[in-house]
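Chains as they are written, first to last, in the numbering used here: chain B, 2 to 275; chain H, -4 to 365.
Errors might be hidden in some of the hints.
[Claimed, not checked] Below, a sample of chain B positions facing chain H; criterion: calculated Cβ distance under 10 angstroms:
1. Val86
2. Leu128
3. Leu154
4. Arg176
5. Ala181
6. Gln182
7. Ala199
8. Ala202
9. Pro205
[As the list claims (entries may be wrong)] Stretch-level coverage of chain H by chain B, calculated; a stretch enters the list once three of its residues show a Cβ under 8 angstroms from a Cβ in chain B:
10. 214 to 220
11. 299 to 305
12. 345 to 359
It is worth saying that the hints were derived from the structure and are not from the lab.
Ideal placement from N, C-alpha and C gives every residue a C-beta, glycine not left out.
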Amino acid sequence: MSGQRQATGPIPSPHPPGEIDGSGEMRAEVTRHRDESVPVRPAALAVYLMCGPETPALAEAAVEGGANLVELGFPFSDPLADGPVIRRAAERALSQGMRTAACLECLAETRARLPQTPLVPMTYASLLEAHGWERFADDAQAAGATSLIVADLPAGERPGLRRVQLVAPTSTDERIRLAAQETDGWLYLVTLTGTTGARDALSPALAGLVDRARATTGLPLYAGFGISTPEHARAAAALADGIVVGSRAVEVAEDGPAALAEYVRSLRDALDAA
Amino acid sequence: MQLTYGEYGGRFVPETLIPALDELEAGWHEARDDPAYHEELEQLGRTYAGRPTPLTLVERFAPGKRLYLKREDLLHTGAHKLNNALGQALLAVRLGKQRIVAETGAGQHGVAAATVCARFGLDCVVYMGSEDMRRQRPNLERMALLGAEVRPVEFGTRTLKEATSEAIRDWITNVEDTHYLIGSCVGPAPYPEIVGALQAVIGREARAQIFEAEGRLPEVALACVGGGSNAIGLFSGFVDDLDVRLVGVEAGGAASLGSGRPAVLHGSRSSVLADEDGQVLDAESISAGLDYPGVGPEHAFLRDSGRAQYVGTSDEEALAAFRRLTRTEGILPALEPAHALARVAELDEELVLVCLSGRGDKDLAEVVDR
């Protein structure tokens, strides 16, 4: 991979998901010795973007707007966890030729523009199966990834693959514990039973899930799925340590970097006021 | 990864579904070990579905051979799909689920799901690709009459692959009160095992029937393979009879086993029509029921182990076999098993068993147009 740069120096996220240490190993940075009953401030803001030709510039705009972490979607033809917006974005990306090699280049270009921001590819197992599981992790890390998310590889499967684990309202306490043990730096709380996509209101299931996760782990908890407005962001940040915004960010990104920066800024302001 | 069938199978699904799959697996094991479950299923098969289905010798279709057809086309609703739908409906009732979601390609599984939902008073939502709605209109109308809500899937291939994805997304969203009644031996564990066990009645009956008719077992048993449930049901009756050759017949343009590669689709690792990046490719077949780029993981295992072989049939060969069976025997097969019938003439073996998995009424428009 040409033009890549390794992340260096401290990552200015409130709770980095992992960083590349001197040995080149991906290592979880766990926030410890804090009062785990209250959310961390300021809350972290993760923004999901689908890989594409414009994505490095969009990612830069998202960080200018106040994003602490960027998830980069590597599109899959049959994304079971995704609702219509991200599914359509994946179809479009694939029709533009955004296969694994192109996505890794997109990641490397994004890393070149954003040397200090955690970058996390989010994808599906079929891409890793085809590329080779370890090779995928190695190539992603070499291109600047700080961790991974595999939407259809639940906790307990391939524990050797360092990645951010997801838990859902349907997860048992036992599974939350397993996910917390295996996760890479923070735990992704799926706020609702459903697929990705904007909803009218923040899921009422989040509060209970946060309580159960806090009883199990001191790791930072980021809430995602169905969060799209500053109001949602404020409400979610009252419970969790960070939020993930996907479908709405993908939609706004279609209007270009300036629109995305403005949208992310509106979320950042809401989080900072929370 | 704990895989179910050699290096195939597993549970590649979002976390939201894992507890539901655990619950389903526990419920299935309980039912499987409960004689009352089997008694109820056996009685429904006998008094409602029309089991056992007969075995028919078709000498005019295949002169010079002893070709027997296992007549799943005579099962209530016209295909083997009802075996699975009845068993899973009983399971859903045991699990306390009031709502059923299903996918359908040719519409036969959708009709079977709608039928058992009418019979047991369950709500039924069926996802169907808009391309398949066009070419299988009679089944669409049957589902509506049975009280099912058919939701068109208007994106991607507009066929079974996308219908299955949408059914799984619905299940993710409504998992608390919904049972996903998957139609083939695909999907995350324990689905391939459940569907295979419920379709095993085909092979169990056929083995006893052909032995009674001929005093020996068939030399070769054939079945068409899309997802592969009628084939796995037939094969299970003979898999331990090593002298019986097992042959699965895929559509030439949807040969997941013949030209696929290991990939992950719809919750399990199997042999899939996919490119080198793991992106799933479109299948192409005249038969909506075979028009699927994946296949049950047990078939991939049987292929690799050499216990079963898999061959392909073109659209034209399937149409010719469809017409020939209709004209020589007065039996109108579905286009799916017509793919298996097309391979019979070239076999070396004399005593042959084919699973006639469904009847062809649904395919008339497609056949008459050609």
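Comparing the hints with the structure gives:
no., hint, in the structure
1, Val86, "12 angstroms, violated"
2, Leu128, "5 angstroms, holds"
3, Leu154, "6 angstroms, holds"
4, Arg176, "7 angstroms, holds"
5, Ala181, "13 angstroms, violated"
6, Gln182, "14 angstroms, violated"
7, Ala199, "14 angstroms, violated"
8, Ala202, "16 angstroms, violated"
9, Pro205, "14 angstroms, violated"
10, 214 to 220, "violated (count 0)"
11, 299 to 305, "violated (count 0)"
12, 345 to 359, "violated (count 0)"
Checked against the numbered hints above, the structure breaks hints 1, 5, 6, 7, 8, 9, 10, 11 and 12 and satisfies the rest.
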